[in-house]
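With chain A fixed as given, assemble chain B onto it according to the hints.
Chains as they are written, first to last, in the UniProt record's numbering: chain A, 1 to 276; chain B, 1 to 276.
Certain hints may be false.
You can't tell identical chains apart in this list, so a pair holds if it fits in one copy or across any two.
[Said to hold, decoys possible] In silico BS3-like links for lysine-lysine, alpha-carbon gap of 30 Å or less:
id: 1; residue 1: K122; residue 2: K101
id: 2; residue 1: K265; residue 2: K181
id: 3; residue 1: K109; residue 2: K149
id: 4; residue 1: K200; residue 2: K265
id: 5; residue 1: K109; residue 2: K122
id: 6; residue 1: K4; residue 2: K181
id: 7; residue 1: K271; residue 2: K181
It should be emphasised that the hints constitute simulated quantities derived from the structure, not laboratory data. The structure presented is a predicted model; accordingly, all values stated were derived computationally and were not measured.
2 protein chains.
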Amino acid sequence: MNSKLPKTPAVYVKSKSFRLADVDPDDITPFANRPDDKSDVAPRLLELRRRLSELQELLYAEHRRSLLIVLQAMDTGGKDGAIENLLTGVNPAGVQVATFKAPTSEELKHDFLWRIHAQTPKRGHIGVFNRSHYEDVLITRVHGLIDAKTCQERYDDINHFEQLLTRNGTVVLKFFLHISKDEQAQRLQARLDDPAKNWKFDPNDLKERAYWDDYQQAYEDALRHCSSKDAPWFVIPANHKWARDLAMSEIVVAALEAMNPQPPKVDFDPKQQVIV
Amino acid sequence: MNSKLPKTPAVYVKSKSFRLADVDPDDITPFANRPDDKSDVAPRLLELRRRLSELQELLYAEHRRSLLIVLQAMDTGGKDGAIENLLTGVNPAGVQVATFKAPTSEELKHDFLWRIHAQTPKRGHIGVFNRSHYEDVLITRVHGLIDAKTCQERYDDINHFEQLLTRNGTVVLKFFLHISKDEQAQRLQARLDDPAKNWKFDPNDLKERAYWDDYQQAYEDALRHCSSKDAPWFVIPANHKWARDLAMSEIVVAALEAMNPQPPKVDFDPKQQVIV
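Chain A with its partners taken away, still in its complex shape:
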C-alpha cells in the first residue's frame, strides 16, 4: 500500500500486536463529529464514485494490472451493501464479483486456494471477493475443523498466494467490516421485523452468533498474520453504513490513484490510417 493513506476511520493492520478490540465499530472520525452531522459526505462520495469510474476505465484500457478487493465480515456486517455502494456506477464489464459459500464436494477435492485462484481478476479488471480464502482460517478454526498447526500453515499459504498475485500485477486490498455485537442484534432483528427482509434471515446465523468472541479472536489472528505492505488488511468501523462506504471508497480510489493506470500506446500512426 502506498504510504499516503487517505484520512478515514479505517485502521491499517501493521503489527503482530494489533488488537481488534482497540477499534471502535462506531468510529466516524475524521468524517464527522456526530453520526448525524454528515453534510459533507454525499458530495464527497459522489466525487469518489466519479473518479473510481474514470480510474476503472483507465485500468481496463491499460490492460496490464488488476485490483482485488477482499471483503470479510461477521453476518450482517454489510458486505453486500458495501459492494453495491462501492461499485454501483462503475462499468460492470470491468468488474467481477465472486461470492464464496460453503465449498462444493468438487471444490473440497482440491486445496483450499484452488477455487479462489480460479476467480482472481483478469488484467484490467476490478475483482471483488464476497467472503474469501480467509473463511478457511475463520469458520474452520472456530468450529475446530482445523488444528493450530494447520491454521499457521494456511496463514503461510495465504501470504504466498497473495504475493504471487501482487507479483503478477494485482493490487490486493482487504477489508474487515467491523460491527459490534449489539449492532448485529439490531440488524438481525430488522430482518425479522420487515417481511420484505425475511428471506435475508438465516436461523443458522443465530448459532454462529453464539461464537462471537471466538470469531473476533480468529479474525484478530488472521489479520495479524496476513497483512503486508502489498496486501494490507484494513479494519473498517462499520456500525455506521455511510462511514463504512466512504472509508472504503477513499481507500480504493487512493490505491487506484497510486497505480496510476495509463492507456496503452498505439503501434500505428493515426494520421496514416485511411477509412474508405
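Using the frame of chain A, we list chain B on its own:
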C-alpha cells in the same frame, strides 16, 4: 418474449423473410421526431434504471431464474457503451459480463458452444455476452472458414442450446446494434482524431470494414434462423446512441417485469426467532 412489447424503434425479428436493409439505423420513432428533440428521454432513462435495479434485486433474491443479454454489432457499433449505459446503476454482484474474443487454442479443442456454455449466467444473475456464439456463424462465414452446410448445422445447434437455457429458467434477449456504414466511418475517424481514443482503434477493423456487405448478409441470415419466441433477436437502430440505450432499457425492463421475480418464502416463523 411476452406479447406486450414496449414501443421502441427496435425491430423484433419474427419471420424468415426479415430484411435487415428494411431497418433504418437512424430511426428514433416513437421516442422523438427529430434527433435533437429528446426532452423526455433523460427522465425516462432514469426511471428505467431505477426499476432495473429493483428488478435485479428481486431476481437475485428469488434465486431461481436468470436473464441472458446477447450483444452483437459491427465494429464501433456501440456494444461497450450500450452495456455500460444499460447496467451502470445495477448492483455489480448480480451481473456477469463475458467478452468473447478470438477463441484460444484450448477453446478450439472443443465444440464452438463449449466456451459459451461455461459463461452462462447463474441463477439470480443477469448475464451479458459482449459478442457470443453468433461470431461462429458470422466472421467464420464471411471469411469462408465454414461452408454453408456447417453454417446451417450451427444455426440448429444454437437454437437447441438456447432452448436448453430457456428450459432451465434463463430468459434470453439478443440485440443486434445496427449502425450504417457511414456512421462506422465517422466513429473510426473519431478514434483516430482523438489521441485519448487512439488505443480503441485497431487497423484490422479497416480490413473487416471492406467485408461490410458480406457481414450484413451473414447477420440477416443468422437473425432469420435463430430468432424465436423464447430467445428473440431485436435489431436496435444504433446510429443515435441515446435512442439505442433507451430502446434496450425498455426491452430489458419489460422482459424482467414479465418474469415478475418474487423473493423466496421463508420456512421459519420470524416471530419465533429470539436473538440473544
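inquiry  = Check the structure against each numbered hint from earlier and tell me which ones fail, lowest number first.
reply    = 6
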